[in-house]
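**Student:** One-letter residues, chain by chain:
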Amino acid sequence: MEKELLFKEISDNVVEMEEDIVEELCEKSLEMGIDPTETINKGLIDGMDRVSVLYEDGEYFLPEVLTASYALNVGIDVLKPHIKQEESSKRVKVVIGVVEGDTHDIGKNLVKIMSESGGFEVYDLGRDVPLDEFVTVAEEKECDFICMSTLMTTTMPGMRTVIEKLNEKNIRDKYKVLIGGGPVSQKFADEIGADAYTVDAAACVKKMKELKGV
Amino acid sequence: MGPKERLKLIMDGKQADRPACICPGGMMNMVTAELMQVAGVWLPEAHSDARKMADLAKAVYDHGCFENVGVPFCMTVEAESMGAPVDMGSNVIEPRVIGYVMESVSEYEKLTVMQKPGRIPTVVEAIRMLKEELQGKVPVVGNLTGPISTAGSLMEPMIFYRELRKKNTDAHAFLQYVTDCLIEFGMAQIRAGADVIAISDPSGTGEILGPKYFEEFAVKYLNQMIEEFRAEGVGTIVHICGQMNPVYKQAAEIKSHVLSFDSMVPMQEAKANLPGRVLMGNVSTYALEFGSPEKVASLTKYCAENGSSILSPACGLGMKSPLKNVQAILEAVKWL
Numbered sequence: 001m002e003k004e005l006l007f008k009e010i011s012d013n014v015v016e017m018e019e020d021i022v023e024e025l026c027e028k029s030l031e032m033g034i035d036p037t038e039t040i041n042k043g044l045i046d047g048m049d050r051v052s053v054l055y056e057d058g059e060y061f062l063p064e065v066l067t068a069s070y071a072l073n074v075g076i077d078v079l080k081p082h083i084k085q086e087e088s089s090k091r092v093k094v095v096i097g098v099v100e101g102d103t104h105d106i107g108k109n110l111v112k113i114m115s116e117s118g119g120f121e122v123y124d125l126g127r128d129v130p131l132d133e134f135v136t137v138a139e140e141k142e143c144d145f146i147c148m149s150t151l152m153t154t155t156m157p158g159m160r161t162v163i164e165k166l167n168e169k170n171i172r173d174k175y176k177v178l179i180g181g182g183p184v185s186q187k188f189a190d191e192i193g194a195d196a197y198t199v200d201a202a203a204c205v206k207k208m209k210e211l212k213g214v
Numbered sequence: 001m002g003p004k005e006r007l008k009l010i011m012d013g014k015q016a017d018r019p020a021c022i023c024p025g026g027m028m029n030m031v032t033a034e035l036m037q038v039a040g041v042w043l044p045e046a047h048s049d050a051r052k053m054a055d056l057a058k059a060v061y062d063h064g065c066f067e068n069v070g071v072p073f074c075m076t077v078e079a080e081s082m083g084a085p086v087d088m089g090s091n092v093i094e095p096r097v098i099g100y101v102m103e104s105v106s107e108y109e110k111l112t113v114m115q116k117p118g119r120i121p122t123v124v125e126a127i128r129m130l131k132e133e134l135q136g137k138v139p140v141v142g143n144l145t146g147p148i149s150t151a152g153s154l155m156e157p158m159i160f161y162r163e164l165r166k167k168n169t170d171a172h173a174f175l176q177y178v179t180d181c182l183i184e185f186g187m188a189q190i191r192a193g194a195d196v197i198a199i200s201d202p203s204g205t206g207e208i209l210g211p212k213y214f215e216e217f218a219v220k221y222l223n224q225m226i227e228e229f230r231a232e233g234v235g236t237i238v239h240i241c242g243q244m245n246p247v248y249k250q251a252a253e254i255k256s257h258v259l260s261f262d263s264m265v266p267m268q269e270a271k272a273n274l275p276g277r278v279l280m281g282n283v284s285t286y287a288l289e290f291g292s293p294e295k296v297a298s299l300t301k302y303c304a305e306n307g308s309s310i311l312s313p314a315c316g317l318g319m320k321s322p323l324k325n326v327q328a329i330l331e332a333v334k335w336l
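Residue numbers (our numbering), protein chains in the order written: chain A, 1 to 214; chain B, 1 to 336.
Treat the hints as calculated values from the structure; they're not laboratory data. Do not take every clue at face value.
Below 27 Å or equal to it, Euclidean Cα-Cα: the simulated DSSO-like pairs (lysine-lysine) are [what the hints assert, rightly or not]:
#1 B:Lys301 - B:Lys324
#2 B:Lys301 - A:Lys187
#3 A:Lys8 - B:Lys166
Stretch-level coverage of chain A by chain B, calculated; a stretch enters the list once three of its residues show a Cβ under 8 Å from a Cβ in chain B [claimed, not checked]:
#4 20-31
#5 63-71
#6 148-156
Derived contacts from chain A toward chain B, CB cut-off under 8 Å, selection only [unchecked claim]:
#7 Gly58
#8 Gly182
#9 Pro183
Everything numeric in this text was worked out from a predicted model, so none of it was measured. Each residue gets a CB set at the ideal place from its N, CA and C atoms; glycine is no exception.
This is chain B alone, in the form it adopts within the complex:
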């Protein structure tokens, strides 16, 4: 069974020959220093060059790390396209937003004039290359930063969180604008050939927002995105950081094919609280960086036994993770 066919079956909740093994990209970074070395393609250049981006993504598959390719390798493309200045980082430091565009949610109309393509065409072009060059055999994952994290990159998050309550109407208008932009970017990724769209929203967790705001601001806008993408026939993944205990009920309302969690969430607990959902995760990135291949293999097996049907790192990989540790997930999955 090919990796694309397998992932598709699992995402649709059907039986496959064995679990899948992927790492989406975006916030869930799958590039390491050692991989760049063997691929001969380097960050930060690959953040802004479609050819290099596609080549580095391909190296992940070619070197037996994961059974997918995915771009981009950061979570700043979205905010940058809405006007935020970005420092591209280095070969070990990920790109980050270095200045805010607005001071209050009420200034959202400002964003319409700040819009620019930025690196959106780069990502879209990289997806097109990957689709063509891998002849549709390996699933291509397009990544998006979620609405709340994108919003929190455009203004000081502490003010943003406060204004969810104090300026509720404007906060919704702001998030609606951001969501519409994200949908547009996602649709461009799908048109270029993305088979799966993965959304990560580390600033929009239940642990941070609490159940009320998680439902009102995270679930609502995530579902708008998912609905549009599902209509195009692609698979959808939502990764949520942090403890899930306060918000399992609300998370069950997220309409994505797959839900993915941090390593602090026991798979068994997630499975029990989200019956019938396809779960992805959640091999500790600490073990991946500082542990041994044997340790990684046993964690992989443990995740699978407890309900994960798409094995993946629990978060973005640390840059110094040894390649043999990263490869140990897929090795272990093959024996499941």
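Extracted from the complex, chain A is given alone in its bound form:
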């Protein structure tokens, strides 16, 4: 089979959420001696990019995105051991979490999945995250982005607090701060001095790529 055809089939099967077929095809790519990095980029990630578009267009929803990302990860697990030492330090780093007091993490998980498949290195702090932790981990891991989410109006002020903490330490400019979640808006982002508000996971990844010029 032609290399390009194989990539297309892998991509299609990520979109179709067929993890077993993705696994087989990735094994086949190794047998064919194709560079695993190329298979990841032109097959797996290409498929996930198409999933993002379908999600943006309202054709796919959370269950589809999760299933497709699972297929993507199955493929990556097959290929990863065969990749020669990668310079991972060059990757763009993101710290992400749901702010303190809130445990709604579906949207945050979606952003995490899409960022990872978009090639970002993601440090997931989980939900109900103490506000200091955003700053500490961003500093420690030398992140580029701080992403915060909440679904509750009552915990929104926590996002402002994180930005204030960055200001106090004079490190605000080191990071781009993105916020999202049901009650959050562009107006609120402007008010608290965040770099951007995005409406959903696909838009968030797009925005990060735009800000980083990737």
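Given chain A, put chain B in place with the hints provided.
**Tutor:** Chain B alone, transformed into the frame defined by chain A:
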């Protein structure tokens, strides 16, 4: 016109003297720090003590917040009764599930052996007290967490959502079991005197599931519950979180008397997409916590003008919402 009579008329789609003003309880929390102060009854104790639960619910009515009483004040009673461990929280943090019972939808049979009463008898007893002590004059609302949210409290939601597709048959069997348990709990609430059953399913929204799964998994099991409760003659409310745009058509199939929405859903839009339905909502809880009574009053008026006939907060109240803001909804409704 008494509050119970008014709510009943509106729920049946008939004309009343003015709109109603309620806050069901459950996910739609109506307890605030200030209310606990004036009532002298505190969370988290009131989550597990029927007397305190009933007293705190009554305080909501007595202090002019809403024209109903409702219990419980959390959405963990159901999952707890199916075996999930729960942290009861504090006076400002709501109870939450802290561990999962199963790893896959295929393990649903495990649930039958994990079942225990938990706080179900507490809630049922509180309803009985409320019914008796308010002599049937104030509507008593029993609350249930919806099937998908309950399921998502028993196992990791990310796996659950994926298995809706990958293990479709088992996912249905799991949700059927959960739904049957919820119906049983709801029937016990009705036998104890609940006039209305309100179901909230924040994890089962159209925004999360998309139209196909919303219909297949949310609407189907919600309707099973509603059908049973309607047959008992009580009113039914379903609250749906998130944007409704992708799923208005499917939401129209939900057979409850009333549909309630988040503040991000414009009442006008909901009214236009759900002709003939009784709508409830949706005064911003952000305004209720951080705004002024005047702001709350004008939002209330705006919701009513745009099609809400049961005025209520759009979501659960923030614990620090000032009492005077909360009371401003009902004050404004009285002038409508």
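**Student:** Measure nothing beyond the straight line between the CA atoms of B:Lys301 and B:Lys324; if it is 27 Å or shorter, mark the hint as holding.
**Tutor:** Roughly 17 Å separates the two Cα atoms, so the pair holds.
**Student:** Would you check chain B against the region 20-31 of chain A, counting CB to CB pairs closer than 8 Å, and say if three or more residues qualify?
**Tutor:** violated (count 0)
**Student:** Regarding the hint that A:Gly182 lies at the interface with chain B, is the smallest CB-CB distance below 8 Å?
**Tutor:** holds, 6 Å
**Student:** Taking a Cβ-to-Cβ distance below 8 Å as contact, does the region 148-156 of chain A have at least three residues touching chain B?
**Tutor:** holds (count 4)
**Student:** Does A:Lys187 lie within 27 Å of B:Lys301 when you go C-alpha to C-alpha?
**Tutor:** At roughly 24 Å apart (the allowed maximum being 27 Å), A:Lys187 and B:Lys301 satisfy the hint.
**Student:** Does A:Pro183 pass the interface check with chain B, least Cβ-Cβ distance below 8 Å?
**Tutor:** holds, 6 Å
**Student:** Against chain B, is A:Gly58 within 8 Å by beta-carbon distance?
**Tutor:** Since chain B brings a Cβ to about 6 Å from A:Gly58, closer than 8 Å, the hint holds.
**Student:** Is the hinted pair A:Lys8 and B:Lys166 satisfied, with a Cα-Cα distance of at most 27 Å?
**Tutor:** Answer holds: A:Lys8 to B:Lys166 is near 23 Å, not above 27 Å.
**Student:** Taking a Cβ-to-Cβ distance below 8 Å as contact, does the region 63-71 of chain A have at least three residues touching chain B?
**Tutor:** holds (count 5)
Consistency note: the structure conflicts with earlier hint 4 alone.
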